[in-house]
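Protein chains: 2
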Amino acid sequence: MKTKDSFYIRFFNPFTMSYLDQIASPTLVIDEKITRANLEKMADKVQALGKKLVPHWKTAQSRIIGTWAKEYGIKEVTASSISMAEYLSGQGWECIHIAFPFNIREIPRLNRLAAQQRISVQVVNVATAGALAEELTETVEFFVELDAGYGRTGIQPTEKAELEEIFNQASRSKFLKFKGFYIHPGQTYHGKEVDKIHQESQEALAQMKAKYLHRYPNLVTRLGDTPGCALREEFGEVDELGPGNFVFFDLMQVQLGSCTKKDIAVCLAVPVVDIRRDRKEILIHGGGIHLAKDVLINEDGSKNFGAVVLLHDKGWTIPSHSSFVKSISQEHGIIQASEELLASIQVGDLLGILPVHSCMTADCMGGYLSLDGQRIDHAEGLSK
Amino acid sequence: MKTKDSFYIRFFNPFTMSYLDQIASPTLVIDEKITRANLEKMADKVQALGKKLVPHWKTAQSRIIGTWAKEYGIKEVTASSISMAEYLSGQGWECIHIAFPFNIREIPRLNRLAAQQRISVQVVNVATAGALAEELTETVEFFVELDAGYGRTGIQPTEKAELEEIFNQASRSKFLKFKGFYIHPGQTYHGKEVDKIHQESQEALAQMKAKYLHRYPNLVTRLGDTPGCALREEFGEVDELGPGNFVFFDLMQVQLGSCTKKDIAVCLAVPVVDIRRDRKEILIHGGGIHLAKDVLINEDGSKNFGAVVLLHDKGWTIPSHSSFVKSISQEHGIIQASEELLASIQVGDLLGILPVHSCMTADCMGGYLSLDGQRIDHAEGLSK
Numbered sequence: 001m002k003t004k005d006s007f008y009i010r011f012f013n014p015f016t017m018s019y020l021d022q023i024a025s026p027t028l029v030i031d032e033k034i035t036r037a038n039l040e041k042m043a044d045k046v047q048a049l050g051k052k053l054v055p056h057w058k059t060a061q062s063r064i065i066g067t068w069a070k071e072y073g074i075k076e077v078t079a080s081s082i083s084m085a086e087y088l089s090g091q092g093w094e095c096i097h098i099a100f101p102f103n104i105r106e107i108p109r110l111n112r113l114a115a116q117q118r119i120s121v122q123v124v125n126v127a128t129a130g131a132l133a134e135e136l137t138e139t140v141e142f143f144v145e146l147d148a149g150y151g152r153t154g155i156q157p158t159e160k161a162e163l164e165e166i167f168n169q170a171s172r173s174k175f176l177k178f179k180g181f182y183i184h185p186g187q188t189y190h191g192k193e194v195d196k197i198h199q200e201s202q203e204a205l206a207q208m209k210a211k212y213l214h215r216y217p218n219l220v221t222r223l224g225d226t227p228g229c230a231l232r233e234e235f236g237e238v239d240e241l242g243p244g245n246f247v248f249f250d251l252m253q254v255q256l257g258s259c260t261k262k263d264i265a266v267c268l269a270v271p272v273v274d275i276r277r278d279r280k281e282i283l284i285h286g287g288g289i290h291l292a293k294d295v296l297i298n299e300d301g302s303k304n305f306g307a308v309v310l311l312h313d314k315g316w317t318i319p320s321h322s323s324f325v326k327s328i329s330q331e332h333g334i335i336q337a338s339e340e341l342l343a344s345i346q347v348g349d350l351l352g353i354l355p356v357h358s359c360m361t362a363d364c365m366g367g368y369l370s371l372d373g374q375r376i377d378h379a380e381g382l383s384k
Numbered sequence: 001m002k003t004k005d006s007f008y009i010r011f012f013n014p015f016t017m018s019y020l021d022q023i024a025s026p027t028l029v030i031d032e033k034i035t036r037a038n039l040e041k042m043a044d045k046v047q048a049l050g051k052k053l054v055p056h057w058k059t060a061q062s063r064i065i066g067t068w069a070k071e072y073g074i075k076e077v078t079a080s081s082i083s084m085a086e087y088l089s090g091q092g093w094e095c096i097h098i099a100f101p102f103n104i105r106e107i108p109r110l111n112r113l114a115a116q117q118r119i120s121v122q123v124v125n126v127a128t129a130g131a132l133a134e135e136l137t138e139t140v141e142f143f144v145e146l147d148a149g150y151g152r153t154g155i156q157p158t159e160k161a162e163l164e165e166i167f168n169q170a171s172r173s174k175f176l177k178f179k180g181f182y183i184h185p186g187q188t189y190h191g192k193e194v195d196k197i198h199q200e201s202q203e204a205l206a207q208m209k210a211k212y213l214h215r216y217p218n219l220v221t222r223l224g225d226t227p228g229c230a231l232r233e234e235f236g237e238v239d240e241l242g243p244g245n246f247v248f249f250d251l252m253q254v255q256l257g258s259c260t261k262k263d264i265a266v267c268l269a270v271p272v273v274d275i276r277r278d279r280k281e282i283l284i285h286g287g288g289i290h291l292a293k294d295v296l297i298n299e300d301g302s303k304n305f306g307a308v309v310l311l312h313d314k315g316w317t318i319p320s321h322s323s324f325v326k327s328i329s330q331e332h333g334i335i336q337a338s339e340e341l342l343a344s345i346q347v348g349d350l351l352g353i354l355p356v357h358s359c360m361t362a363d364c365m366g367g368y369l370s371l372d373g374q375r376i377d378h379a380e381g382l383s384k
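Residue numbers (this note's numbering), protein chains in the order written: chain G, 1 to 384; chain D, 1 to 384.
Here chain G stands alone, though its shape is the one from the complex (with noise of 0.2 angstroms):
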């Protein structure tokens, strides 16, 4: 664990001490209820459609979330990169997949890990492809990432002669195995159209399986994005989904439509350091290197970098009245109150901050305090 547990009370007595009295510096609290629920839906959805949830891991980052993932029937999970899926290896998973554009420059280390852990890779270049056929000296599958709109990463469904030579290269090796095709529709965190943009991509995915069943009859298609698994309740012929960020949802995935903020699972419990009465503000031990400096816009025009709860003995309440970070630095948040926030506050009280985007929040804190007092893990500088 990290030198972080010296945010904590070094000797909790949970019969006598709420979580909150361990909290003297930001800290991130996990409601482990919420995030089973959360977990629990998706794999029930999932699952009764017949299909396989393989959620990216990239927002919890934790061996022990993952033993909670594991009791709702999750077998495999997906890292973004090669430190995350190490981090995540030896505790039992089916098959960790990086779903990453493979670099390159980390073949040895993809070696020392396949060598130990059932690993997938994603490939989106016939250099890449190359590479990997040329230096595996243990067995990696790999998805062929595709680009069906959202236009950051992936091979276009058009580009014919470029998947065939990426077959043609990993046919030279006999470690390196297709595994089936890949598609992030990022474009979903738009906002517009998650209908029609999954649609394009389950087709996009169905007419690559049809064409090269034939020759990998074993080939999955996979498709993974928050907005599009929360939001629909059918993918066609797709075999597998991805989602991440539902493990925990977070305010910009309420904007979206994905989740209420009764879904969040984890808050930023900040200390109070000032307040502005005149203003209406309320200054923060909570900024940027906390947050992460991810952002919405209020219906008002105005920022928002976080949504304020109030924190109990027993978790969190979403006040009627709403309150919100209104500017971060990288030490301070700046919150604009609402007059009940601010005739309940003092100086050194806690307050409650959900996030905008769970993911980053959680790969800045690098672990989380849950509501009986306990450190759960995260990944962080692994991660990196």
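It is worth saying that the hints were derived from the structure and are not from the lab.
Predicted model only: the values in this text are computed from it and were never measured.
Treat the hints with care, as some may be off.
Given that identical chains are not distinguished, each listed pair holds provided it fits within a single copy or across any two copies.
Stated by the list, open to error - Restricting the straight-line Cα-Cα distance to at most 27 angstroms, the calculated cross-link-like pairs of lysine-lysine (BS3-like) are:
1) Lys-280 - Lys-177
2) Lys-326 - Lys-303
3) Lys-280 - Lys-160
4) Lys-196 - Lys-33
5) Lys-196 - Lys-174
6) Lys-303 - Lys-52
7) Lys-326 - Lys-52
8) Lys-52 - Lys-211
9) Lys-314 - Lys-177
10) Lys-211 - Lys-33
Following the hints, complete the assembly by docking chain D onto the known chain G.
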């Protein structure tokens, strides 16, 4: 040290290998010569004016870089949290100042730290002064932070009753000692009227000093922000200057005119994982968890998350044709590449990215690699 050491090849022979051979994954590279030149220039300027330089160490957050600073006569530093002060303590600093409105939940920790290291804190309200007076068991000095227009935090010079009550509370404790007045004129980061803002801050400090010097004959005034300290040549009667970012500088400071790109002392080395020549895009492993999400707006209105530099065995060069990171997600960055860059680049190559906000990038990365292949420490997790 952190587990991130696994990024680097373990058996590095400095006589035969370049630091570049150690880099397989995103790595923050530091040019010691540029860092030292930045330290020396600021130290010389401040010394020539007969003032004391107390740099804000939230940028470097490093013990090793602290040893470089000491060679230029720097004897005190500033931290932005108690955990950062803990990390920097015991390294021979005459005093460490925690430049953040003190969080009274951390008083037990402050007592432990102050037993070993001379510490000053910052006070912006009566409640905090009262709690410190009540609970301190070790000597701690305090600055009163003034708000001379930035509007983030601090006592306004007109709030005389509040200030008197802070002094009154402090007088109840033999451990709590008034040290002076502090202003962080952060509005200079908005790029306007640096001279006017600094002038007003200097005047506010001078007035407060004149008013209270008879009661506190040792009181000092401190002013700190990188744009002001870098751009201006005179600081009136202010006793101490406390800029931070100047140690590394970054693209934001270039935009503000505080430095040129050649003065930026750190760059993120990133592996190229895909190239889309049709779109003039290069996909890198390097995203929000590495660079942070600070962004500048280019002249044409496009977003800029970092500028490309070309890495070589001795450091990096700034290309004559601009390429920049136009979008980032958690792990991905997309570079809008010049024709010249596209013509020379291959999958698996490394590029350097000059950060928009070096303090945040260093905090994300939690360590540096020097050009002679040495690991340079960073407090990282400790700072949160």
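Cross-check of the supplied hints:
In this assembly of identical chains, Lys-280 and Lys-177 lie within 27 angstroms of each other by CA distance neither inside one copy nor across copies; the values are 60 angstroms within and 31 angstroms between. In this homomeric assembly, Lys-326 and Lys-303 come within 27 angstroms of each other (Cα to Cα) both inside a single copy, at 6 angstroms, and across copies, at 22 angstroms. For the homomeric pair Lys-280 and Lys-160, the shortest alpha-carbon distance between copies (21 angstroms) is at most 27 angstroms, but the shortest distance inside one copy (60 angstroms) is not. Taking CA atoms no more than 27 angstroms apart as the test, Lys-196 paired with Lys-33 passes in neither setting, with 33 angstroms inside one copy and 54 angstroms between copies.
Taking the closest pair of Cα atoms, Lys-196 and Lys-174 never come within 27 angstroms of each other, the shortest separation being 39 angstroms inside a single copy and 69 angstroms across copies. With identical chains, the CA atoms of Lys-303 and Lys-52 are never at most 27 angstroms apart, being 38 angstroms at best within one copy and 38 angstroms at best between copies. In this homomeric assembly, Lys-326 and Lys-52 never come within 27 angstroms of each other (Cα to Cα): the closest approach is 40 angstroms inside a single copy and 35 angstroms across copies. Taking the closest pair of Cα atoms, Lys-52 and Lys-211 come within 27 angstroms of each other only inside a single copy of the chain (22 angstroms); across copies the shortest separation is 72 angstroms, beyond that limit.
Taking the shortest Cα distances, Lys-314 and Lys-177 never come within 27 angstroms of each other, neither inside one copy (48 angstroms) nor across copies (40 angstroms). Taking identical chains as interchangeable, the C-alpha atoms of Lys-211 and Lys-33 are never at most 27 angstroms apart, the minima being 43 angstroms within one chain and 57 angstroms between chains.
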